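> Here's the letter readout for the chains.
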Amino acid sequence: MKSVLTVFLKEVRENLRDRRTVMNTLLTGPLMAPLIFVLLINGIVARELDKADKPLPVPVIGAERAPNLVDALKQSGIVIKPSISDPERAVRDQDADLVLRIPESYADSWNSGEPAQVELIYDESQRDAQGSVARLRGILESYAQRTSTMRVIARGLSPTILRPLVVADRDQSTAQARGGMMFSMLPYFFILGAFIGGMALAIDTTAGERERQSLEPLFANPVARSKILLGKLGATGAFALTTLVLSIIAFSLAGLFLPTEKLGMSLSIGPHFAVLTVLVMLPLVFLIASLQTLAAAFAKTFREAQTYLSLLMFVPAVPTMLMSIFPFKTETWMYAVPLVGQQVTITRLMRGEAVSGSEIALCFACTALAAVLVYFITARIYRGERLAIST
Amino acid sequence: MIELRDLHKSFGTVRAVDGVSFTARDGEITGLLGPNGAGKTTTLRMLYTLMKPDSGQVLVDGIDAAVDPIAVRKRLGVLPDARGLYKRLSSRENIEYFGRLQGMDEATIASRSAALIKALEMEEIAERRTDGFSQGQRVKTAIARALIHDPKNCILDEPTNGLDVMATRAMREFLRRLKDEGRCVLFSSHIMQEVGALCDRIVVIAHGRVVADASPDALREQAGAANLEDAFVKVIGSAEGLAA
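Protein sequences appear in the order of chains A and B.
Each residue of the first sequence is one higher than the one before, counting from 1 in the working numbering.
Each residue of the second sequence is one higher than the one before, counting from 1001 in the working numbering.
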């Protein structure tokens, strides 16, 4: 056991002296993802909020033909811009998001009680303009609704005659669940953090040692190779765990700066969340460290190992993507599958939903079992004669 | 004392070692001489249990390497062909790491590494990180860490490889000192003069087999040659792969 500790301490000490590894573990790994995340969410939120409140400039052709309509538009925050000569072209060239055209026949149709037509000129493929189009359409429709209601009353009828069916929205999602949907990428960022944090050491302690020709002298010492491997895995896991814990802390802090309440969501990222997340991630960190070391053991050079490990990094993205594309119901067996179990647990915790002790235990135990299994496979590779030979 | 009995090792169809037997005694320097590719490194790798022989037996101080490889490694100080150091550790830290892996206590590690650093004249580089060391400085560090546990048996694979004249002389001096301390010193080389000057016993290997095993004088007599160089060429069959 003492020799395991010796190897562990040496690897930690040596890698702490490598500025790039330290930067990756302490800074890039844990901070990059939350930073991008906060910027992204803030951007989306700010844009949506902007659109809803800001005055919307719209060029209107033939405004003088419908003074009442134009007044109604102004009251709803539309800024009437002067008429332009070729609205279709202006929209195609993206000089204008949308243009409203009131034809000459408008006043006649209106006065005679016929449906009066207005034209909305826009480009459906312009995602940016969609919000503005929907907003203007909504204002126009509510103006039409108001007018028809008044007309019906003027004829002595009940306005309910125009509304045979009323749809009432009863959204059952809690504010936290809406937040959770938005944050379904979060578990992936944590898992990615563990990958990045352990990567440098997994490569350095196996492929790196072999490339630098120090593995053969190391194996000449009277220590079983499985113990040397355990020390190296411990160091790799320790760095990955540091990255993970920092990344959870970073996310908790980042959560404070997210305008989630404006979107009608709430996140429960607190100490309870942090502790349980670290708990379910703990065996996964060592599973990842073992997998990375295993992949690195097959590589002849540092560079080759880097390639393998970068490819390995895409594996945890698979359950994340599947789960965000296909709606799913959480089933017990999911907790038993490494990666999926962590994904489900963290997502539920974040939504403020209860995860039972037995579910967490199942998740922990199954992932730990997988980690031990991969450790034994890696130890087997480590015992191979070829591993130590550099040339 | 090191005994090798009829070692065989093949890689695919290549018979790298094809029946090697010899004994290296305590208080003697035994030289393993052979051209490049003769099977010297593979023989040594089986000796320090990095590789398992296909057949044959390795005994170190009477312990069978196949039965108790850890006990064998405890009794060996090994300078392998690969002698990479940890660049981000100082020379002394490299040495101490191996001391701990040998299971030594900190006080013994401190006194032993101080003695080795003095004996190898590496006081000036001891606290420096090994990144950027010269070949000679690297070999000194590698030897010090290999001998940190005061092993009775010292195995050195081409210890003078890549060293300049001064460093080579110092290395030979050091090997003699190890012998005077009563250790069993086994080293490999493809340099005839070096083996002739240092060794009490010479084991000549060619094509994975031992072709001669004798003292330098006996070897000359056996080959009926006036000098060692001619004797080597005679027993090996050609001078290819050897250096004067």
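Hints are computed from structural coordinates only; laboratory data are not their basis.
Treat the numbers as computed from the prediction; the structure is a model and nothing was measured.
Honestly, I wouldn't trust all of these hints.
Said to hold, decoys possible - The calculated lysine to aspartate or glutamate pairs, modelled on DMTMM-like cross-linking and capped at a C-alpha distance of 20 Å, are:
| # | chain 1 | residue 1 | chain 2 | residue 2 |
| --- | --- | --- | --- | --- |
| 1 | A | Lys227 | B | Asp1105 |
| 2 | B | Lys1052 | A | Asp18 |
| 3 | A | Lys329 | A | Glu353 |
| 4 | B | Lys1152 | B | Asp1061 |
| 5 | B | Lys1087 | A | Asp95 |
| 6 | A | Lys2 | B | Asp1105 |
| 7 | A | Lys300 | B | Asp1081 |
| 8 | A | Lys2 | B | Glu1106 |
| 9 | B | Lys1179 | B | Asp1150 |
| 10 | B | Lys1087 | A | Glu14 |
| 11 | B | Lys1074 | B | Asp1061 |
| 12 | B | Lys1234 | B | Asp1213 |
| 13 | B | Lys1179 | B | Glu1093 |
| 14 | A | Lys300 | A | Glu211 |
| 15 | A | Lys227 | B | Asp1068 |
| 16 | A | Lys2 | A | Asp18 |
| 17 | B | Lys1179 | B | Asp1200 |
| 18 | B | Lys1087 | A | Glu114 |
| 19 | A | Lys2 | B | Glu1093 |
| 20 | A | Lys81 | A | Asp93 |
| 21 | B | Lys1179 | B | Asp1026 |
| 22 | B | Lys1074 | B | Glu1181 |
> If a hint holds in the structure, say so; if it does not, say that too.
Right, here's what the structure says about each hint:
no., hint, in the structure
1, A/Lys227 / B/Asp1105, "holds (19 Å)"
2, B/Lys1052 / A/Asp18, "violated (36 Å)"
3, A/Lys329 / A/Glu353, "holds (13 Å)"
4, B/Lys1152 / B/Asp1061, "holds (9 Å)"
5, B/Lys1087 / A/Asp95, "violated (61 Å)"
6, A/Lys2 / B/Asp1105, "holds (11 Å)"
7, A/Lys300 / B/Asp1081, "holds (18 Å)"
8, A/Lys2 / B/Glu1106, "holds (13 Å)"
9, B/Lys1179 / B/Asp1150, "holds (13 Å)"
10, B/Lys1087 / A/Glu14, "holds (9 Å)"
11, B/Lys1074 / B/Asp1061, "holds (11 Å)"
12, B/Lys1234 / B/Asp1213, "holds (14 Å)"
13, B/Lys1179 / B/Glu1093, "violated (27 Å)"
14, A/Lys300 / A/Glu211, "holds (7 Å)"
15, A/Lys227 / B/Asp1068, "holds (16 Å)"
16, A/Lys2 / A/Asp18, "violated (25 Å)"
17, B/Lys1179 / B/Asp1200, "holds (10 Å)"
18, B/Lys1087 / A/Glu114, "violated (88 Å)"
19, A/Lys2 / B/Glu1093, "holds (17 Å)"
20, A/Lys81 / A/Asp93, "holds (18 Å)"
21, B/Lys1179 / B/Asp1026, "holds (8 Å)"
22, B/Lys1074 / B/Glu1181, "holds (18 Å)"
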